[in-house]
Amino acid sequence: MISASRFFDNRNVLGALFMLPAAALLLLFLTYPLGLGVWLGFTDAKIGRGGEWIGIENYEFLVTDSVFRLSVFNTFLYTLVESVVKFVLGLWLAVLLNKHIPFKSFVRAVVLLPFIVPTVLSAIAFWWIYDAQFSIVSWVLVKMGVMDHYINFLGEPNLARMSAIIANIWRGVPFVAICLLAGLQTIPPSMYEAASIDGASPFQLFRYITLPMLSPIIAVVMTFSVLFTFTDFQLIWVLTRGGPINATHLMATLSFQRAIPGGALGEGAAIATAMIPFLLAAILFSYFGLQRRRWQQGGKDK
Amino acid sequence: MTRITRRHFLQASVVAGAVFGAPLLAREAQAQELSFKPEAGARLRVLRWKRFVQGDEDQWLANTKKFTEKTGVEVTVDAENWEDVRPKAAVAANIGNGPDIVLSTNDDSHQYPDKLLDLSELCEYIGKKYGPWYPSALAYGKSGGRWIALPLGAGGNCMNYRESHMKAAGFGKFPTDTEGFLKLCRALKKNGTPAGFALGNATGDANGWCHWLLWAFGGRMVDEQNKVAINSTQTARALEYARELYPTFVSGTLSWLDPNNNKAFLSGDISLTANGVSIYFAAKTSSDPRMRAIAADMNHAVLPVGPVGHPTMSALFFTCVVFKYTKYPNAAREYLRFMMEKEQYEAWQKASLSFVTQPLAFYERNPVWTEDPKHTPFRYTCKNMLPNGYAGTLGTASAGCMADFIVVNMVAEAASGNMSVNEAMQKAEKRAKRYYR
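Taken in sequence, the protein lines are chains H and X.
Converting from the first sequence to our numbering requires adding 475 to each position, the first position being numbered 1.
Converting from the second sequence to our numbering requires adding 607 to each position, the first position being numbered 1.
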């Protein structure tokens, strides 16, 4: 008995013991599916039958596949444009919301709406907004006499990309804005007061107090934002299914199309696995880059 | 039933299939009745696609209820969007657990034939009683010489057009060849009442008419040996034709998904498209007088025949499969037999307003085809359609090519001028070879 209680009194043993449930959950629901996905990417598994190990054949095929290459390009374009715009708009919105405005809590709640509405619903709303025949935007413009034809929002490759990007930004900005707002509220007002007494301009206040103080949270928020954007699926699936002529296919949508409706589980898994390195890179960048002390303290790299 | 009788049945249906149009009505009475004895305490779970027209699901459930009353076998029917049935059925096949019976689409059953219960006895009985099975039914139902799926029929696919607009364009009746069809589309465009055909990644509609177009000019994805044959002069001709056709469409068809042509037709934005009976059904049953006016003015026509000289339509095919893991194989067979018998099947077709077109010659006589003349063009959908992956065999490659929109993308690229005809064709060839290897 004594040895047993001593055993459990050991901090290391107890720590490991307490971590066990969490570790089991992670292993079962995260590590296993991820590992399975990666493994499937190296097989020729089809839906309904297991696969044989085929090494990197899936990847060799994908490299030569023009649709896959287009989807990689699209994914990067999306992530880059959307993340930058979401960050700028989100920060701007957060700074505005942090000021004393009338109906503050109401406005803050409203801003969150796009994020609260299930993506599928907002995607369907956008699908109507962008419809080739029933678009409200086109209708208004035509009625106002600005244009004489409806805009082909989702029918022209570049326009379709832009339309999808705008819809995604609309949905993603509130998340960034609200998180940054929370960050803004943790900055002690005394810092601003001290800086004001020293004669700092509003821009200097922002550049030398707000931004550095906010950067840890920016790192976290933007990491999440990039991850969400990079792996976006629902919006594209509802709006275009990857069309027109695959101009809006993302890696996630192509992966699904090949794996589930197409039945090529192995290839779909390979496409999904191909996303992992990019996602890892995004995470590493934010953790080792954006969270640097020196940056946060307003300094520069040596 | 012994082996010999089964083989006998098989021969009978092959012979019957060869002699097309033979008097079939008499055969019904001769056929020997077959029934399977459900296992004691049997319960069945059925997964089906969500209705396209309300009457379909209602009548299916009513027929199911009748079956339960007659046999005491409890049946639960779940309905899912048709595109979601495919992955669910595949997962069920993979893990060996799930619904006993699945109403699946197209070549789903050919992706996991060895997981499916042999339905040969049932299908041969049905074929003998109500047959012959049309060639498309044989293609979708059989694999490796045995029946792996019970063909239910195909979603009808026809030209939907506005009669008054066609007349205004100078056509007394709907053109039956591709040449006349192009002229009609041009005339409709000139009158400001254009046609519209989906060219986005629309699983049902875009695949449907793009395959018709390809096949109408003799183009095909693969030859009889499953070798990719898309890069051909016939395909080129089909794409040249698509190039001339595309400018006659309403704008935005490159972005169209499955619901778009229905919406545009019902709003009056287009006067011609290819679709099942669902547009007509929605218009006819609507309480909106404008919609009912459209129902009165619209009509259907079979897809025109191209230079290849025979009908080349493509349609969504429905089959029933029973998984081997079911604990009640005979109850499942009996359920399917019951649903295919005249009393149930005809009522089902009628309730679904001819949405499901029969795979068996006998049901050509169903009054649903004649009581409303606007249903008549759908009548021979199964008889006239070509199976997916024509002229090769059904399987993972044909399903993969269709799910990847290779034909649709090729037509869209060439028609919109995004690529030259040759480029589009070569790209499709390259993509198809990844599946057929």
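Any given hint could turn out to be false.
Have a look at the derived ranges for each label pair, beta carbon to beta carbon [claimed, not checked]:
id, chain 1, residue 1, chain 2, residue 2, range
1, X, 691, H, 756, 50 to 56 Å
2, H, 511, X, 1037, 29 to 35 Å
3, X, 874, H, 511, 45 to 51 Å
4, X, 932, H, 617, 53 to 59 Å
5, H, 620, X, 904, 28 to 34 Å
These are calculated hints, taken from the structure and not from any lab test.
If you're wondering where the values come from, they're calculated on a predicted model, not measured in any experiment.
We put the CB at the ideal spot given by N, CA and C, even for glycine.
The hints, checked one at a time:
no.	hint	result
1	X:691 with H:756: 50 to 56 Å	violated, 34 Å
2	H:511 with X:1037: 29 to 35 Å	holds, 30 Å
3	X:874 with H:511: 45 to 51 Å	holds, 47 Å
4	X:932 with H:617: 53 to 59 Å	holds, 57 Å
5	H:620 with X:904: 28 to 34 Å	holds, 31 Å
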